[in-house]
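Start from the sequences, fold in the hints, and give me the full structure.
Residue numbers (this note's numbering), protein chains in the order written: chain A, 1 to 344; chain B, 1001 to 1568; chain C, 2001 to 2281; chain D, 3001 to 3202.
To be clear, the hints were calculated from the coordinates, so they are not data collected in a lab.
Please note that a few of the clues may not be correct.
Claimed, not checked - Capping the alpha-carbon separation at 16 Å, the derived lysine to aspartate or glutamate pairs in EDC-like fashion look like this: (1) 3024(D) x 3172(D); (2) 1210(B) x 1547(B); (3) 3087(D) x 3034(D); (4) 2066(C) x 2014(C); (5) 344(A) x 242(A); (6) 2163(C) x 2136(C); (7) 3165(D) x 2060(C); (8) 272(A) x 132(A); (9) 3123(D) x 3063(D); (10) 238(A) x 162(A); (11) 2066(C) x 3169(D); (12) 3087(D) x 3169(D); (13) 137(A) x 162(A); (14) 3088(D) x 3172(D); (15) 3088(D) x 3034(D); (16) 3123(D) x 3060(D); (17) 3088(D) x 3169(D); (18) 1366(B) x 70(A); (19) 1544(B) x 2014(C); (20) 1044(B) x 1539(B); (21) 2080(C) x 1543(B); (22) 114(A) x 2153(C); (23) 163(A) x 234(A); (24) 1544(B) x 2076(C); (25) 113(A) x 2153(C); (26) 232(A) x 162(A); (27) 137(A) x 147(A); (28) 1366(B) x 71(A); (29) 1544(B) x 2081(C); (30) 141(A) x 162(A); (31) 3024(D) x 3175(D); (32) 1210(B) x 1539(B); (33) 1544(B) x 2077(C).
Stated by the list, open to error - Which residues of chain B face chain C? A few of them, derived with a C-beta cut under 7 Å, are: (34) 1037; (35) 1038; (36) 1039; (37) 1040; (38) 1132; (39) 1133; (40) 1140.
C-beta atoms are modelled at their ideal positions from N, C-alpha and C, and glycine is treated no differently.
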Amino acid sequence: MTLLLPALTARAAEPTVYPISNMFDPLSKPALMIHESSIVVSLICLVIFLLVTGMIAYVVVKFPSKGASDDRQEPPQIYGSSQIELAWTVIPILITVVLILVTTRTIGEIQDKKMPENAVRVTIIGHQWWWEIHYMKPDGKGGWITDFVTANELHIPLSPKDKPRPTALTLESADVIHSYWVPQLNGKTDVIPNHQNHMWFEPWATGTFLGNCAEYCGTQHANMLIRVMVQKPDEFEKWLADQRAAPRTPLDAIALQGRQVFFGNSCVSCHKIAGTVAVGLFGPDLTHLMARTAIGSGVAPIGQASLRDWVRNPAHLKPGVLMPDMQLSEAQVDQVVAYLMTLK
Amino acid sequence: MANGTTTTATDDDDFVITPTRPGEEKGAWSAWIQDLLFTVDHKKLGLMYIGSGLLFFVVAGLMATLIRAQLAFPNSHLIAPDVYNRFFTMHGTAMVFMVGMPIIFGMANYLVPIMIGARDMAFPRLNAFGFWMFFFSGWFLYFSYFAGPGLYNAGSAPDIGWFAYSPLTAKAFSRGHSSDYWTLSLLSSGIGSMATALNIIVTTISLRCKGMTLGRMPLFVWTFLVVAFLVILALPPLSACQIMLILDRYLGAKFFDTQSGGSAVLWQHFFWIFGHPEVYILILPGFAAMNEIVPVFSRKPIFGYPIMVGANVMIAFISLGVWAHHMFTVGMTSLGNSFFAISTMLVAIPTGIKIFNWIGTMYGGKIRFEMPMIFCIAFLFQFLIAGLTGVMLSVAPFDWQLSDSYFVVAHFHYVLIGGLLYTIFASIYYWYPKAFGRMMSHKIGLWHFWLFTIGFHLTFGPQHIAGFLGMPRRIYTYEAGRGWEIWNLMSSIGVIFQLAGVLLFVWNLIYSYRKGKIAGDDPWDAWTLEWATTSPPPDYNFEKIPEVRSRRPLWDLKHPDDPDWKYE
Amino acid sequence: MQSDPHHDSANSVELPTPTAWPIITAFGLTLLFLGLVTTLFVSLAGFLLGLIGAIGWFGDVFPHPKHEPFPIRPHDEWPKDVCRVGRTVTHLHVGEHGHREQFPAAVHPYTAGFIGGLAGGAVMAVIACAWGYLVDQSLWYPVNLLAAAGLPELSTASTEVLKQFSLAGLVVALITHVTTSVLVGLLYTVLLPMLPAKREWIWGGILIPLMWTGLIWASLRFINPTLNARFEWLPFVISQIAFGMVCGFYVFRSTKVSTQQGWTVAARLGVEAQHPGEKKP
Amino acid sequence: MDTFINQPVSIDEITPWRPPSIRKVGMLTLITTESALFAIFVVAYIFYIGKSLNGPYPHELLEIPWSASFALFGSSATITFAEFALKKGNRPLFHLWWFITIAMGIYFLGFTAYEWHEFIFEKHLTISTNVFGTTFYSLVGLHASHVVVGLLLLGTILISSLRNKLDHEHHEHVEIISWYWHFVDAVWAVVLTVVYFISAHY
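Below, the structure written as C-alpha cells:
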C-alpha cells in the first residue's frame, strides 16, 4: 500500500492539496479509528486468503487424475468427516467473535462520540449538485442558528492532538439523497431529505482534502465534488471574520454595469449576495464567491475564463446543471463576470 | 458410459459428422416457432430461459463495455452524463433481472425435474406463463429506449440506478416515464419469478420419484429448493415497494414523498429486504452447480452432504436478516449498525464451510480437468476473494469508507461474475451434452476460459484499489490527478479480453451444436438421474419413472459390488 | 404428470397438451402495464387479452387438466442400460469394511469439549480475577478490560472507571469468554487427536495456549487497545496455560464414541443388530 | 432402466411412497408469498402511524367495523360447514353454506366500498392527502383485492357445482380454496388490529 501513499513530507507545513484521497492514509481521528479496525479485518482476510488459496493450489497440484489408466481405479469414497468439518466451523466462529468485538467498539466510539463545547458546528445541506454550508452559532437558548452561509468548500480548523477541536457536521438534504465523503478525514455519511445525520472531523494536518458525493443523485453526481480546507486556528478565525463581513462594493464602471445586469435578470431569484436584494436560496450563496477556489462544485477552478464560460452557458461546463442559460449577450457576460470577480 | 468402456471426453478434436438428429427436420420454421410459443415442456422452457438470458447478457454486457470505454481516461466526453446514467442503470437492472434470474430459472427448469426423476414441473402451464412474463418484461424494459423522445438521448430509459433510491424516483426528480418503465417491468417480471419459484418448490416436494427422500435429493435440487423459498419470501417485498412507487407516481401517494412526511430511508429498507436475499438467490445456484460438478470430476461423493444442506439453509435464513448492511451510512443507531454488522459476519461461517467442503471433496480424489471443472476451480478462487471482501464490507466502520466506492463494484462483480457467471459457464459446459447431445469443444473452451479469466481479473481487480483511493460509484467522469487513472485504464483494457472470451463462448455454443463430438447418454461418468436418459432426453424424460436408493443412483448401478445405499 | 398417472399405457405417456393460453395471458398482462406508460387503450386491450387468456386457461385445466398421449420411442432408441463400469474402487484399509467410512470412526464426545471448555474457562477467569483482586485491587478490572474490546464506553474510560463494576461490561465479558471457551474446547476435541505428537497434553496444555498468546499479542493493539495499554504478561500466560491444561485434561479423559458413520442404514435404524465389520478402534 | 428393479430390497419397501399433493403444497407456498407481501404493507402502515403532517387523522375517521369483521370471520366458519357437507355428499347443504359464505364476503366488500366512499367524499381523505391516507388505502385496498379474488374463486366453484361439473376428484380444489379464504380472513385479523385498534388512537 505504500506505493499509493501521497508525499508525506508536506504534512503540517504550508497548506497544500492532498489530491489522492487514500483511505489508508488517514489524517483525522475518526478516519484513523476506522483505519485501525480496517487493518485488523484486512490482515485476517489476507491470512485466510493465503491459507485457502494454498489449500486450493495443493489439491489441484496434488490430486489430478494421471490419465486413462489411472481412471480405471476410483479413489476412496469418503463421505466427510464431522471432525474436520467441526474444526472449520469453529475456527471461523472464533475469528468472527474477534471481528464482532472490534466492530461494535469502533462503531460506538465513532458514532456516539460526544461533541465538546469548543467544537465548530456546521450544517451541510446537499443540493443537486452542490453543497450549501451553514456555519452555526449558539442562539442563546441551547440551540444553534445560522451564522453565515457559503457553498461547496468547507473550512475547518486544525485539531492538535493535545488540544483537540473537532468539527461537528449536521447533514441534511434539500432534494434527493447525497453522501458526504472525504476519505482521509472520515468515512461517508448519507445526506438524506427529511432526516438529519451527523459526522465529525478532527484533522491533524492542514491542507485541502478532496472528496466526492458518494450516493448517486442524478445527472451530475460525478461533479458534486467536495473540498475541505483544514487551516491553522488563526487562519481559520481570519477566514471566519472575512466571511461574516459584507462584500465590497463594485469599483469600476463595467462591474457596476454587471451588477445592473445581475439584478435586472432572474439571477437574484436563485442566488444570494449578503447585503443586497439578491436573496435566492435555490443556488449557491455568492457573497464571497471569489474566496472559493472552484466553481460548479469543483467542476473548474475559479477565474475569469471559467466564470465567463459558466455565465454564458452553465451546461457547457456541467451538462444537466439546473442553472439555466440566461441568454446574455457577450457584453453582458463580461459585465456580470466583472461584477462577480468583485465578490471577495 | 456406453458399452461399459471408459472413454473420456477430452479428445474432442476429431469430430464425427452425423446426420441430423431425429426430430430436427420434422417441421418447417413456422412449426418450430409454434412449438416454442405453445410449449409447456420444462426442458424447452428451460432452454428458452437460458437462451433469452444469454441474449440479454450480451446486450447488457455491451452497455458495460461502453461504460468502461467512457471511464478509460479522465475527463472523457465520449458519452453524455444522462446517457451514461441510463447505461449503468439498465446494465445493473438487466444483469440482475433479465440475465441472472432467468438463467437460474432456466437451469432449475431443465434440471430439477430430471434430477428427481419426474416428467415435468408440477404446474407446466404456470411454468410457461412464468417464462413469458419474464420474456415480455425484458423487452418492456428495453422498449424504454425507443419510447418518449426516442433513441436520441436514450429515450425514456430509466436513469435511477438499479436500486432506484427514493426520492430520486419521485415525480419531482424523475419526470416523464423513465422510472415507470423500471418499476413496471420489474413488477411484471417479479410475477413471473414468483410463479416459477412456486413451481420449483411444489415440483421438488411433490414430484420426487420413489425412494428420493429429502436426504437423498441431489444437492443441486436441495439448493434450488432453498433458492425458490428465498424468491418466495424476498420477491414480495420488491413487488410491494414497486406497487408503492407506482401509487406515488400515478396517484400522488406519499410513501416516499419526503416533503409530506414520507421517508426516503423506508424505500432502502424495503428494497434491501428484497435486495440482499436476491444476492443469495443469484449465488446459491452457483453453489448448486459446484455441488454437482466438483464431485463428478473429483470422482468422489460430495464431502459432508448433511452439513452442505445445513449450510444452504443457514445462508438463506441469515440472509433474510442482514439487509441493512447496505445501509450502514444512512445514519442508523450504533445498536442497529452493530446488529447488522454481526448478522452479516455470521453469513461468512456457512459460506466458509461450503468452500472448505468443496476442497475436501477434491482432496484425495482424481481430478479431471475438463472445462466444467476448470471453471469450478476458478470459481473457488474468485469466490474466496469475493467472500473475503464481503467480510471487509461487513465491518461497519470499514464500510463507511468502502460503501458506494469502486471497492463495492469490484466486490459484487467478483460475486456475480467470478462466482455466478463462472458456474453458469461450468454448468453450460457440463450439461450442454445432455441438452444437445454433443460435447462442447475443449480447445475453444480453454481459450474462452483463459481470455475471460485474464480479462475478468484485469477489469475488477484494480477496482478494489480505485475504491481504496476514494473513487465513488456511478460517476460518469473523474478529474485527472487523483490517482485513479491507471486503475481505470487497466479495468477498461480488461474488458477487451472479456469480450473476446464471451465471443469465443458464443462461437463454441454454435460450433459444437453442429460439429461437436456425439456425447452419448453419460459422457462424464456421472451419478445423478439426468445421465440415465438419452441426450437430449425425450419429451417425457424417462420411459419408466426410476427408483432410487441412494444419493448417487447411477453409482449404485455402475458399482453393484460397492453401492452407496449400503452405507448412507 | 402425477395427477393422473393411470392413463399411461405401455406405448405412450400422458403429457400436458401444448397451449397458447399462458403466453396470451402473459402478453395481456404486459400490455396492461405498457398502457400505463403509453396510452390507456393499450391497457384496455391488455386487460381484455389477459381476461380471455385466463378464461381459456381455466378451460384447459377444468374439469380435468388437458393431456395427450405421447408415444414412447421404439426400444432401440431408449437410453443404454447403465451397467457395471470396468473400474474398481480404492479401499482404505481401516477396518475390514471401513473403506467408505466417514472419518473418523470414533471421536471424543463433543460434550467433553463443551464441559472441558467451560471448566478451563472457569479456571482462567478465576486466575485472572484473583490477579486483578490481589495486584490491581479490583475484581472487575480484568472483566472490564476484556469487555473493552467490544464496548465503546469502556474502551475510552479511565483506569479508575475500569476498576468499578459495570453491568454491561460483565455481560459482554461473560458472553465473549463463555463463547470463546466453549468453542476452543470443541476445537480441542476434534483437533488434538490430529496433532502429530503422542503427548497430547503438551500440545493442548502448553503449545497451543502459547501460540494463541502470541497471536493475541500480535493483534491486541487493534483488537483491544484498552487492554493493550495495560497489558500484563504473567497472569495472561498463566491463565491461558491453565485453560489449556484443564480443558485438555477433560477431553483426553473422555472415552471415544463411535460416530456410526461406518454402519449400514439398517444398523443405524436398529433393524439389524450391528454392522459385522464395525470395530472399535 | 430395468436394472433398478434388480437391486436388493431395502428399508424403503416397508413404507409406501406418497409425496404430498401438489395443490396443497402450491397453495401453502402461495399463502407464504402473499404473507410476505402483506407484511411489507403492514410494516409501512405501522411505520407511518402518527407521522401525518396534516389531517384528517385516524382518530377522526376510523370506527371499528364490527359487522363487516363479523361477516368475514363468520364466513370462515360457514366455508368449513360447506366443506363438511361436501364430504358427507350432501350437495344442497354444500350449496347453501357456500352461498352464505359468498354473501358474507360480498357484504364485507360492500362495507369497504361504503367506508371508502364516506372517507373520500365526506371526510376528504384520499390516497394523496397524507401518509395516513396513503398507507390506509393501500393496505385495506390490498386486502380488499384479495377478498375479490377469493370471491371469484368461490363463485367459480359454486357455478361449476351447480352445473354438476364438480365431481369427487375436485374435493381437494374446494379444500385449498377454503384455505385461501381462511388466509384472507387471517390477514383481516392483522389489518383490523393494526389499523382499527392500534392506529385509531393517533
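These are the hints, each one checked on the structure:
no.: 1; hint: 3024(D) x 3172(D); verdict: 8 Å, holds
no.: 2; hint: 1210(B) x 1547(B); verdict: 5 Å, holds
no.: 3; hint: 3087(D) x 3034(D); verdict: 28 Å, violated
no.: 4; hint: 2066(C) x 2014(C); verdict: 10 Å, holds
no.: 5; hint: 344(A) x 242(A); verdict: 9 Å, holds
no.: 6; hint: 2163(C) x 2136(C); verdict: 8 Å, holds
no.: 7; hint: 3165(D) x 2060(C); verdict: 14 Å, holds
no.: 8; hint: 272(A) x 132(A); verdict: 12 Å, holds
no.: 9; hint: 3123(D) x 3063(D); verdict: 13 Å, holds
no.: 10; hint: 238(A) x 162(A); verdict: 23 Å, violated
no.: 11; hint: 2066(C) x 3169(D); verdict: 15 Å, holds
no.: 12; hint: 3087(D) x 3169(D); verdict: 12 Å, holds
no.: 13; hint: 137(A) x 162(A); verdict: 25 Å, violated
no.: 14; hint: 3088(D) x 3172(D); verdict: 14 Å, holds
no.: 15; hint: 3088(D) x 3034(D); verdict: 32 Å, violated
no.: 16; hint: 3123(D) x 3060(D); verdict: 9 Å, holds
no.: 17; hint: 3088(D) x 3169(D); verdict: 14 Å, holds
no.: 18; hint: 1366(B) x 70(A); verdict: 8 Å, holds
no.: 19; hint: 1544(B) x 2014(C); verdict: 12 Å, holds
no.: 20; hint: 1044(B) x 1539(B); verdict: 9 Å, holds
no.: 21; hint: 2080(C) x 1543(B); verdict: 12 Å, holds
no.: 22; hint: 114(A) x 2153(C); verdict: 11 Å, holds
no.: 23; hint: 163(A) x 234(A); verdict: 14 Å, holds
no.: 24; hint: 1544(B) x 2076(C); verdict: 15 Å, holds
no.: 25; hint: 113(A) x 2153(C); verdict: 10 Å, holds
no.: 26; hint: 232(A) x 162(A); verdict: 15 Å, holds
no.: 27; hint: 137(A) x 147(A); verdict: 5 Å, holds
no.: 28; hint: 1366(B) x 71(A); verdict: 8 Å, holds
no.: 29; hint: 1544(B) x 2081(C); verdict: 13 Å, holds
no.: 30; hint: 141(A) x 162(A); verdict: 31 Å, violated
no.: 31; hint: 3024(D) x 3175(D); verdict: 9 Å, holds
no.: 32; hint: 1210(B) x 1539(B); verdict: 20 Å, violated
no.: 33; hint: 1544(B) x 2077(C); verdict: 14 Å, holds
no.: 34; hint: 1037; verdict: 6 Å, holds
no.: 35; hint: 1038; verdict: 4 Å, holds
no.: 36; hint: 1039; verdict: 5 Å, holds
no.: 37; hint: 1040; verdict: 5 Å, holds
no.: 38; hint: 1132; verdict: 4 Å, holds
no.: 39; hint: 1133; verdict: 5 Å, holds
no.: 40; hint: 1140; verdict: 6 Å, holds
Hints 3, 10, 13, 15, 30 and 32, counting from the list given before, are not met by this structure.
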